[in-house]
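Chemist: The residues making up each chain are set out below.
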Amino acid sequence: MVCDPNRCTSGEERLVIRRLFTLSAVGVLVWLLLRIVEISPSATPAESTFMLGFALLSAALLGEIVEHLRLPRITGYMFAGILFGPFVANLLSARVLEPLSALNEMAFAFIGLAAGAELKVAILRGRWRSILLLIVCTATVVMIGVGGFFIVAAPYLAFLGGLPPLQIFAVAGMVGVIAAARSPSSAIAIIAETKADGPFSETILGVSVAMDVVVIGLFAVATAVAGLAFAPEQGLDLVFVIEVTGEIAVSIALGVLLGAIIGLYLKRKGPQVSLVIVGLCFLVYRFSEMVGHYLEETHHLGVGLEPLLICAAAGFTIQNLSHQGTRLIGAMDRVALPVYVVFFTMTGARLDLGALATSWGIALTIAGFRIAMIVLGTRLATSLAGDPKPFRRYSWLGFVTQAGLSLALISQFESQFPDWGTGMATVLVAVVAINQLIGPVAFKMALEMVGEARRGSSPRKGTS
Amino acid sequence: MKALVAVIVLTTLALVGSRRAFVQGRSPFAVQSFFTGTEFIIIGLLLGRDFLNVIDDSTLDLLRPFVCVILGWVGFLFGLQFDRRTVSKLPSGFFAASAVEGMITLATVLLAAWYLLIRNTNAAPDVMAIAAVTLAASATCTGLTALTFIENDRRTASLQVPSLLRFVSSLDPAVGVVAAGVGLSLFAVHPFDAVSFPMTLQWLVISMCLGLVTAWIFVSLTLTRTSQAELTVYLLGVIALAGGVAFALRLSALFVSFICGLVVANLTHVRSIQGRVMTIMAHGDRFLYYLLLVLAGAYWKLPDIPLLFAALVYVVVRLVGKVAGGYLSTRRLARHHAVPPLIGLGLVSQGGMGLAIIVELRFVSDQPLTEAVMSVAILAIIINEFLAPWFAIRTAARAGKSVS
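Protein chains in written order, with our numbering: chain A, 1 to 464; chain B, 465 to 868.
Calculated directly from the structure, the hints in this document are not laboratory data.
Heads up, the beta-carbon is just placed ideally off N, CA and C, and yes, glycines get one too.
Hints are supplied without guarantee of correctness; some may be wrong.
Stated by the list, open to error - With the C-beta cut set under 10 Å, the calculated list includes, among others, these residues of chain B facing chain A:
(1) Ala467
(2) Arg528
(3) Cys532
(4) Thr678
(5) Thr696
(6) Ala710
(7) Ala717
Unchecked claim - Label pairs and their in silico Cβ distance ranges:
(8) A/Phe87 <-> B/Thr476: 32 to 42 Å
(9) B/Arg483 <-> A/Leu364: 50 to 60 Å
(10) B/Phe546 <-> A/His323: 43 to 53 Å
(11) A/Thr326 <-> B/Met742: 21 to 31 Å
(12) B/Ala746 <-> A/Phe87: 34 to 44 Å
(13) B/Arg548 <-> A/Ala408: 45 to 55 Å
(14) B/Asp525 <-> A/Phe87: 24 to 34 Å
The task is simple: from the sequences and hints, build the whole structure.
Modeler: Rendered as structure tokens:
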């Protein structure tokens, strides 16, 4: 029925049917409650709580169901978010999601910590050449390729309203940088789900995390250059580039400090390690946000701290500079699944399907071209590094996904160029949405093909 | 900024609490009696709106979904303990004694609270009914903290009375949770009068059905082989769903999730995973308990003189209920066991469930009377916790003398 005919057993089919039945029952219960019973407007926190429960259950169920279709669970979680989100069933509306934003912030930082903790120097040491080449080659090829494509396509994009060539070049530079961004959160979730362990997954994760840092820096340079193109009388704003460099350096330094603190807590065998980590992740996010607001209000600076970078640096410090890496991963594993379910369901619910609907043609073209450039970049890098054949063939599949950082950069884009930025953002958000949906599937396929996905991650047999 | 500081403070306090042990040894008895957890309520009060304002109204609003989950967690965990296989092994006399004692206390406090509210307030009957039921339901609950003192006392540790007290303290909160659930179902959602009685009764049925349906969802999810991580997701999902739906409908989250836990515990095929669920819940249990204590303190407004008096009256009426309930419920047991007539004095501690019922009131009713009731009840809980060890040790010691 819904399973892969070559692999599916009757037990699995029964399990899928049972899961679909339970999912329907949960959906009907919530639908009835929302439609028949009048919930007062003041009940929003309560409504958010039961919607959180509903989201957890429905996403976990859909995750299990799609796993039987050989798809990654996070695709199921995102699908649940899309299905019950504002653009389809509207159960997880913006009003409901707002009180739960703290959970999403915590999850974002938590995933950063997990990504850092997965980076083991002992493994990366032998792969530094590959990692460096992958970063340089894919970033360069994707930026030049997608930027060039944008220059060619610009005359056909009405919202650009006939910008002069110099400004088109500047915008193309920013678009190219955004196209180079990856999603460490999706990568770590897929690695955790498939229990993948080995040089391929380590390389992909290492490149994804490092690429975030590179992209932040490059975006600062691209923004400064764009500023020169749009307002030449103000000159090149190199201060912004220095500020962003400072932001990255301070974030990494804070991450090392945080890593030392968590390492000490783990060493002293402090209580409730999982809860403490979750709490700290929330604090890191809120603190970063607060510093950003403070710098903007008092010094008119458009920089802040990068929570993902802080947490990734903290995880990396604990894993590689202390003996507590295993304990950290063990403690995080206890709460990781609920965190991933919440994060990716909310990501799905927040996917701008409206943007996708209005600009799917151009978005699909850009997404396709971006993937072609990634293939080219990874082929070049892996050939230069002399990587084994499976690496050369499948590395590109690990770099398709885009998520939080891309969206954050797009929003900056929008705020800096209000005249045409909204139209541009709509197209780019649609591109991110496409990449977010196909990326996890592609990465899981790659892990299976190179043989790093563990057997335990394959679909379980249902009990009859 | 304030929310950030509040979260740091709350997390730190809950962590400290989850690691602490009751003060024992050389400290004076009065000091030991105070440091039984009640100090965290006082700290919450100091951090709250009336004093330092670290945990202000906006922070409390931010934490509402989280408190909702904590109450659902408390109810589910409590219901999970009523596994029929375990319960059937317990002496039936003890079981009946717990239920009778709980109901007598409930009736005593309910009648007194209703009478005093009618005489002294002009609130709407529904609001008074909710207040009276909540006060009575909370009064029914007995905490276990005082028993620690008996078990640490050389004179009383080996006696049979502590086990009876432990038994009653573990079971009588069920009467309170059910009373709160029934009370909120009848009075909180729909105006309560003779004409609309069937309408109000439907909410009681809905409360129970919600518990059953969420339990069914959990059971159906765990029919297949489930990893510990998946079980955690299902558990959190079901608790958030049960607690959130209950509050959205202004029903008792404690009652709905209690029913859910009770049903889950008693479905045969789930028994194998019951231990795993308990393990997951045990990880966060103490942390959440201390968090609840601090939050209760932050919700608490210091009572003025009339309310202070009302709190004392509440303590006395509850004590009368406990003593009467303890006496009447143990008469049959007294034929075969050394049960002191004033065993009710050993049941003064009101405990976490009593507090949870009071905190829950804040979520279903936002009337001025609600705040007053919370003030009275939380102060009474502090007084009861302070007095409980002294009463408990004397009750157990008296039983010891009668044995010898």
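Chemist: None of the hints should be skipped; say for each whether it holds.
Modeler: For each hint, the structure was consulted:
no.	hint	in the structure
1	Ala467	holds (7 Å)
2	Arg528	holds (4 Å)
3	Cys532	holds (4 Å)
4	Thr678	holds (8 Å)
5	Thr696	holds (6 Å)
6	Ala710	holds (8 Å)
7	Ala717	holds (9 Å)
8	A/Phe87 <-> B/Thr476: 32 to 42 Å	holds (41 Å)
9	B/Arg483 <-> A/Leu364: 50 to 60 Å	holds (55 Å)
10	B/Phe546 <-> A/His323: 43 to 53 Å	holds (44 Å)
11	A/Thr326 <-> B/Met742: 21 to 31 Å	holds (26 Å)
12	B/Ala746 <-> A/Phe87: 34 to 44 Å	holds (41 Å)
13	B/Arg548 <-> A/Ala408: 45 to 55 Å	holds (54 Å)
14	B/Asp525 <-> A/Phe87: 24 to 34 Å	holds (28 Å)
Of the numbered hints stated above, none is contradicted by the structure.
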